[in-house]
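*Asks:* Taken in order, the sequence shown gives residues 1 to 248; the numbers are from the UniProt record's numbering.
In short, the hints are calculated from the structure, not lab data.
Here are the in silico distance ranges between beta carbons for each label pair: (1) 160 x 21: 39 to 47 Å; (2) 246 x 180: 16 to 24 Å; (3) 8 x 231: 35 to 43 Å.
Glycine included, each C-beta is placed from N, C-alpha and C at the ideal position.
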Amino acid sequence: MVEFLDTSQDRRIAYNKTEGQGPTILFLSGLKSDMEGTKAVALEAWAQEKGYAFLRFDYSGHGQSSGAFVEGSIGDWHEDTLAVVDTLIDGPIIAVGSSMGGWQSLLLSRARPDRVVGLVTIAAAPDFTEDGYWARFTDAQKAEMEREGFLTLPSDYDEDYIITKHLIEDGRQNMVLRSPLKLDMPVRFLQGTEDEAVPTSQAIKLLEHVEGGDIRLTLVKGADHRFSTSECLDLIQKMTLVVMMRAG
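Full structure from sequences and hints, please.
*Replies:* Given below as structure tokens:
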């Protein structure tokens, strides 16, 4: 059943929470995705079958939460994540982040290192506003963004994306690959080799950047950015369990 959390930033965040044992598994969705996505729902069903605590939610401007997507930013969605963690979850957390949710999971791990005891990312896209969008914009596109305050980009996954100047500038305040990032927890990065949104080189860059004693990257040959085949969903569940067990 969908419930709602009213945050101190006057946002209304939609969520589904399952009570259970062990650390709470927190699913963090990707950009313009929501908690009804295939990976979130499949992982929830698995957690319920196993009796594990689980929570999925919609960032503001996404799904059933309040706000408009074009008004949001990485920092806003980080605030939403912290509100969910600090208000709705007691005890340790296993964060599972997909695409932009991978970036959010890294921000969460940095902000709440005492709460996040394990981490799984799926096609993680840290710093994508800078390394993905801004780095690929032409001079003409950059000039248009300065002039109009936004750009419209076609998407293979949804309606066209409206990328605002605010999203780019706020992203620069929340980057994780430009300064040391220590992850003192079991971490499993998952990445498809046919991912056209997040290249394999970015997954390797993330692996090389983070510091920690229990960090692994698994490349799945042929998998794309959706990472939602039955084999991929099984792997997400397996790695979530591995991280949970290693977290103790």
